[in-house]
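Engineer: Go ahead and model the full structure; you've got the sequences and the hints to work with.
The listed protein sequences correspond, in order, to chains A and B. First residue of the first sequence: 1, per this note's numbering; consecutive thereafter. First residue of the second sequence: 1, per this note's numbering; consecutive thereafter.
Worth double-checking, as some hints may not be accurate.
As the list claims (entries may be wrong) - Here are a few chain A residues that face chain B, going by a calculated C-beta distance under 8 Å: (1) Phe142; (2) Leu216; (3) Ser289; (4) Arg330.
By construction, these hints were calculated from the structure, which means they are not laboratory data. Glycine residues also receive a C-beta, built at the ideal position from the N, C-alpha and C atoms.
Number of protein chains: 2
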Amino acid sequence: MSALLRIVQLGLGPIGRESARLVARRAGLRLVGAVDNDPALEGRDVAELTGSPEAAGLKVESDLEEALSRLKPDVVLQTTGSRLSSVMDQIESVIAAKANLASTSEELFYPYRRHPKEAKRINAMALQHGVSVLGTGVNPGFAMDTLALCLSGVCREVRSVTIRRVVDAATRRGPLQKKVGAGLEPDEFRRRVARRELGHVGLVESLDLLAAALGLPVENVEETIEPVISEVALQTEYVSVAAGQVAGIHHTAVGRGAGGNLVSLDLKMYVGAPAPFDEVVLVGDPPVSNRVEGGIAGDAATAGILVNAAWAVCEAEPGLRTAIDMPLIRWRG
Amino acid sequence: MSALLRIVQLGLGPIGRESARLVARRAGLRLVGAVDNDPALEGRDVAELTGSPEAAGLKVESDLEEALSRLKPDVVLQTTGSRLSSVMDQIESVIAAKANLASTSEELFYPYRRHPKEAKRINAMALQHGVSVLGTGVNPGFAMDTLALCLSGVCREVRSVTIRRVVDAATRRGPLQKKVGAGLEPDEFRRRVARRELGHVGLVESLDLLAAALGLPVENVEETIEPVISEVALQTEYVSVAAGQVAGIHHTAVGRGAGGNLVSLDLKMYVGAPAPFDEVVLVGDPPVSNRVEGGIAGDAATAGILVNAAWAVCEAEPGLRTAIDMPLIRWRG
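Structural biologist: Now the structure itself:
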């Protein structure tokens, strides 16, 4: 695997720009193209847009299929949308161009339960064209799923899993601060939850992968989405939160079986969280209690794992892959 | 992968008996044989020896090749020795019988730097016979290597790794308490270190895998082995330690390059360690600070990961595999 991998960055929002910047300066990878369908970005200089002198000469393109057929990348890194419905066309184009795909689409991380038709279609196409497709990221992708699976490897038995993640949204990109509802009135927050406009996409995908991979007989999944109310006034680069307004979101997902709670996920993302952390507790034999102090830094780490996945999707067997049926994604210097 | 895997347990010391017990009661696995070359064990009832009623009717056998040719296992779980030189013949017999192998041989975990000839031979034989061979365990195998690699997946850069592990040897099997020197006089401890009779086999293998997998340019490796002296009298099921005697071992391995310390491993295993833990610190971007509270329980977890590896070695591509080029080893219920 010492050959230089040719990479196309698909999507140039905050995560995509960071991904492109990392690819441009990374040994073993070569940024050969950047695609985004935002007309405001078309023709923009990638070096300037991403702060990557190494990308000098590259312009943002808007025609994905044309770019793929001309550039023949080994891997496309996709950061264009959370929902499978919004990224499906792009995924099919990438597969048809015989490029491997790593994507931050949250629903792609484990689509088998909630989107079985799309999962089947992606897998069939990927097998047909001999490439692999992977949904990855930090959450879903690592902090609330893969890390726990890795830890479960040392257990003689796992009876249940409890994972807690606390994120200080003030350290995250602007779109995420808005996504967690920071600055809303509590009533407006609840209305948006009722309209399904708020909530962390991917929490249930983490739960689905955990249940399937650990063989935990989850029968039903229940979610709650509540606001975290700020007791003080807070100001970030992107939002203002008055005392009594919403600082962010508290989203839980619990998978239950006959034996009680089998998978419990508890995610708080709010502006001003004083002590972020990631905690995995495996109830089993031996029990495992793991904690990442300070938590896994969201946006930086999401771009990090996406780019680190470039090698893994090339080494993986063709098909729709998940964190459990491919080589470990790791830093490679 | 829903077919029942046929397992032969090779080695019936404390870890091997526990492994056999786990296999016997595990859904998806079937214990079809148990082999040990200790004449005192030959013909012993496996059910009685391992406390596994499920193994009723199985007797311990001494002839590995005969057992393999009759039983045709999918996987052999080997717990017979730390040194590659002492397990090489068995490994070759297992491969020749077209069985996959997971082994707790510490030197097999990453043999490429210290035993390149054996590594090459195992890989060639495994490719020839279409099976995979894996060294696994907790240390080496997980706590001071694979867990850190898993965590590195979220980094945009890793500059160095520091891992600390503290084990209360009183919670471990008798042979291990003796291996760490508990109950020795400090002078005797140092004499045995000088004769290379004391020290944790596998620490350097963890370092070698980390350096190779993370691409850290380690130029030289230095080890230190010192006694941990007990300030009080201690008594376990297996050893007595007077105040001033050795409670256990403090073994470090540091890999240095031009930029300083790149991989630092610090292992303390001693009777009476008050607060065991496993800690991984990745110096990088973002930095990662991870801690398993209470540590990963040695013997139980070693048997656990060995048995969990049974599926992974069947799914892996043929050849000599390591933690980084095969699917994640996980609990499967």
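Engineer: So, for every hint listed, does it hold in this structure?
Structural biologist: Cross-check of the supplied hints:
1. Phe142: holds (6 Å)
2. Leu216: Interface hint status for Leu216 (chain A): holds (6 Å vs cutoff 8 Å).
3. Ser289: Nearest chain B Cβ about 5 Å off; hint holds.
4. Arg330: Given a least distance of 5 Å, the restraint on Arg330 (chain A) holds.
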